[in-house]
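Engineer: Using the sequences and the hints, build the whole thing.
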Amino acid sequence: MKDVTMQYKNGVTAIYNLNLKIKKGDFVFVIGGTGCGKSTLIKMLYREEKPIRGEIIVGGLNVAKLRNSKVYKLRRKLGIVFQDYRLLPKSTVYENVAFALEVIGTKKEEINKKVLRALELVGLKGKLRNYPDQLSGGEQQRVAIARAIVNEPKLLLCDEPTGNLDPEKSMEIMKVLEDINSTMGTTIMMATHDKDIVNKMKKRVITLKDGRLISDEEKGKYKNEAI
Amino acid sequence: MKPFRMFGRSIRDAFRSVFRNFSLSLASISCITITLIIVAIALLASLNVNNFTKLIKEDVTIVVFIDREVDENKIGVIRARIDQGDNIASIEYKSKKEIREEMQASSSILEASMRDWDEDENPLMATFQIKVKDIEKIEETASVIEKIEGVHSVNYGKTMINKFLSAFKVIEKCTIVAVILLIVVTIFLIVNTIKLTIFSRKREISIMRLVGAGNFSIKIPFVIEGMVLGMIGSLIPVLIVIYGYYAFYQHFDGQLYSPLIRLITPEPFIYIISGIIILIGMIVGMLGSYQAVRRYLKV
Ligand SMILES: Nc1ncnc2c1ncn2[C@@H]1O[C@H](COP(=O)(O)OP(=O)(O)OP(=O)(O)O)[C@@H](O)[C@H]1O
Ligand SMILES: [Mg+2]
Numbered sequence: 001m002k003d004v005t006m007q008y009k010n011g012v013t014a015i016y017n018l019n020l021k022i023k024k025g026d027f028v029f030v031i032g033g034t035g036c037g038k039s040t041l042i043k044m045l046y047r048e049e050k051p052i053r054g055e056i057i058v059g060g061l062n063v064a065k066l067r068n069s070k071v072y073k074l075r076r077k078l079g080i081v082f083q084d085y086r087l088l089p090k091s092t093v094y095e096n097v098a099f100a101l102e103v104i105g106t107k108k109e110e111i112n113k114k115v116l117r118a119l120e121l122v123g124l125k126g127k128l129r130n131y132p133d134q135l136s137g138g139e140q141q142r143v144a145i146a147r148a149i150v151n152e153p154k155l156l157l158c159d160e161p162t163g164n165l166d167p168e169k170s171m172e173i174m175k176v177l178e179d180i181n182s183t184m185g186t187t188i189m190m191a192t193h194d195k196d197i198v199n200k201m202k203k204r205v206i207t208l209k210d211g212r213l214i215s216d217e218e219k220g221k222y223k224n225e226a227i
Numbered sequence: 001m002k003p004f005r006m007f008g009r010s011i012r013d014a015f016r017s018v019f020r021n022f023s024l025s026l027a028s029i030s031c032i033t034i035t036l037i038i039v040a041i042a043l044l045a046s047l048n049v050n051n052f053t054k055l056i057k058e059d060v061t062i063v064v065f066i067d068r069e070v071d072e073n074k075i076g077v078i079r080a081r082i083d084q085g086d087n088i089a090s091i092e093y094k095s096k097k098e099i100r101e102e103m104q105a106s107s108s109i110l111e112a113s114m115r116d117w118d119e120d121e122n123p124l125m126a127t128f129q130i131k132v133k134d135i136e137k138i139e140e141t142a143s144v145i146e147k148i149e150g151v152h153s154v155n156y157g158k159t160m161i162n163k164f165l166s167a168f169k170v171i172e173k174c175t176i177v178a179v180i181l182l183i184v185v186t187i188f189l190i191v192n193t194i195k196l197t198i199f200s201r202k203r204e205i206s207i208m209r210l211v212g213a214g215n216f217s218i219k220i221p222f223v224i225e226g227m228v229l230g231m232i233g234s235l236i237p238v239l240i241v242i243y244g245y246y247a248f249y250q251h252f253d254g255q256l257y258s259p260l261i262r263l264i265t266p267e268p269f270i271y272i273i274s275g276i277i278i279l280i281g282m283i284v285g286m287l288g289s290y291q292a293v294r295r296y297l298k299v
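These protein sequences, in sequence, are chains H and C. Numbered according to this note's numbering, the first sequence terminates at residue 227, and the numbering increases by one at each position without gaps. Numbered according to this note's numbering, the second sequence terminates at residue 299, and the numbering increases by one at each position without gaps.
Don't take each hint at face value.
[Claimed, not checked] Derived pair list, reagent style DSBU-like, types lysine-lysine, alpha-carbon separation capped at 35 Å:
id, chain 1, residue 1, chain 2, residue 2
1, H, 108, H, 73
2, H, 73, C, 219
3, H, 50, C, 202
4, C, 131, H, 113
5, C, 137, H, 43
6, C, 74, C, 137
7, H, 77, C, 202
8, H, 43, H, 203
9, H, 114, C, 202
10, H, 175, H, 154
11, C, 219, H, 154
12, H, 107, H, 209
13, H, 127, C, 202
14, H, 73, H, 21
15, H, 43, H, 23
16, H, 65, C, 219
17, C, 202, H, 90
18, H, 65, C, 195
19, H, 209, H, 23
[Said to hold, decoys possible] Here are the in silico distance ranges between beta carbons for each label pair:
id, chain 1, residue 1, chain 2, residue 2, range
20, H, 62, C, 271, 50 to 58 Å
21, C, 251, H, 133, 53 to 61 Å
22, H, 125, C, 26, 55 to 63 Å
23, H, 130, C, 290, 30 to 38 Å
24, C, 290, H, 62, 28 to 36 Å
25, C, 136, H, 68, 54 to 62 Å
26, H, 60, C, 16, 30 to 38 Å
27, C, 271, H, 130, 44 to 52 Å
28, C, 26, H, 199, 49 to 57 Å
29, C, 173, H, 62, 55 to 63 Å
30, C, 22, H, 164, 27 to 35 Å
31, H, 68, C, 20, 27 to 35 Å
[To be verified] Examples of chain H residues lying across from chain C (beta carbon under 10 Å, computed):
id, residue
32, 68
33, 101
34, 151
It is worth saying that the hints were derived from the structure and are not from the lab. The beta carbon of each residue, even a glycine, is placed where N, CA and C say it ideally should be.
Structural biologist: Below, the structure is given as structure tokens:
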């Protein structure tokens, strides 16, 4: 990511001249106060938004120049998890996870194998046939994570995945993410507000303030002055 | 392999989501049903009027009366001269004798009065019965024939035919315009109903994009779903076409007012119309979905 500036249509500039490099297999937190541009940064990485200036390369794809009709090429290399889960309410847990493979045309037996493996990894193998509204928030988030990793992405983007969960459930999710990071070697970038999580995990921490990068530390701590 | 697999899935998913979103599907289906019924009726009417026109045109004959003095040899020459015209579909010759026999057979009064005629003093004239290729040019053709030596006079139902034809022409044009208009309105209505259906599934579409579905593979399930909706929506119109037209045909005994205005026989006709209706339903459903889903693919 080089010298990226991002401006929304209404004239709000959300990111200023950001330079960032993330290595394969890293686990990175993005922190900062409300409105500092965390979500915007993540949105640019999966090409929901386009920067007005600069270059973004994800896994060899020049995301900033990616055409609308080619966005799917990028999305297949990524897994994305949101605060609000974004599951299909009328599909079962199994179908929700399988969906990510079906739309890219995977064979049935392969889907079955991969979905079960992903659900096992997040610890939800027993609830295949449940619908999302029959699950707790933490369980729903784990379904969303399973969906994000089922096609074995190189990069997993998480925008406040624990935002709706209590501290205990949040730590469970973090364990799942750490597990994915270490066993599958997936690069993870996670935006969060949660002080305790950042302090406990001791990973690389990127701090944004008003759209600018103000610090980038290995094994960082949550900085109060950032807010 | 891969496209087929995805296609198969799309068909499965289309049926599944028609039932999962049943109340919204029902709105689209009833919209399609109602408009297709009207389209079907307009289609039946316009094709029948078309048929009337064709029948009447086929029935139009120019009768050419030959001078009494003309002998059999000369007849052949006249025939050849008529045949030179490029608007001639067929020529049938009837000699005086044949006409007399025909007339005698047709009524007992004529039979009584003609019985004693000697063939030499037969006052009737031999005729050619001519069918033309293009009814529009009948007047021109008739006047050309009239000038041939040995032709006494030419006759065809000028005024009656012209009236009929111009009336049918108007009706034909009106029905064609009505059918096209209806189909356009149907597409418009269906696009809007399906837009509503799809609006409620914006989320589904955004999730599909999120997990890396290409634009094409996002459209396919919706397009197939539209096709399924169109097919279900054409069910009732098809039943109405089949049973309704059959009953109509039976009730009027296959003709309106005069044997000349014959209705089209139901047997292959209603099945062809049904096929057309199903096809229109499917295409319109597909177009509607395609249009509706396109909006959500631009980010
Ligand atoms: N769709 C949008 N259109 C216009 N401006 C936007 C849009 N989304 C965000 N912004 C603006 O861009 C800035 C950065 O927003 P962003 O969502 O990235 O913040 P954030 O760091 O994720 O905040 P939070 O911690 O509350 O989630 C804010 O000033 C916000 O008002
Ligand atoms: Mg945010």
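Engineer: Return the numbers of the hints above that this structure violates; sort them in rising order.
Structural biologist: Of the numbered hints, 4, 5, 12 and 22 do not hold.
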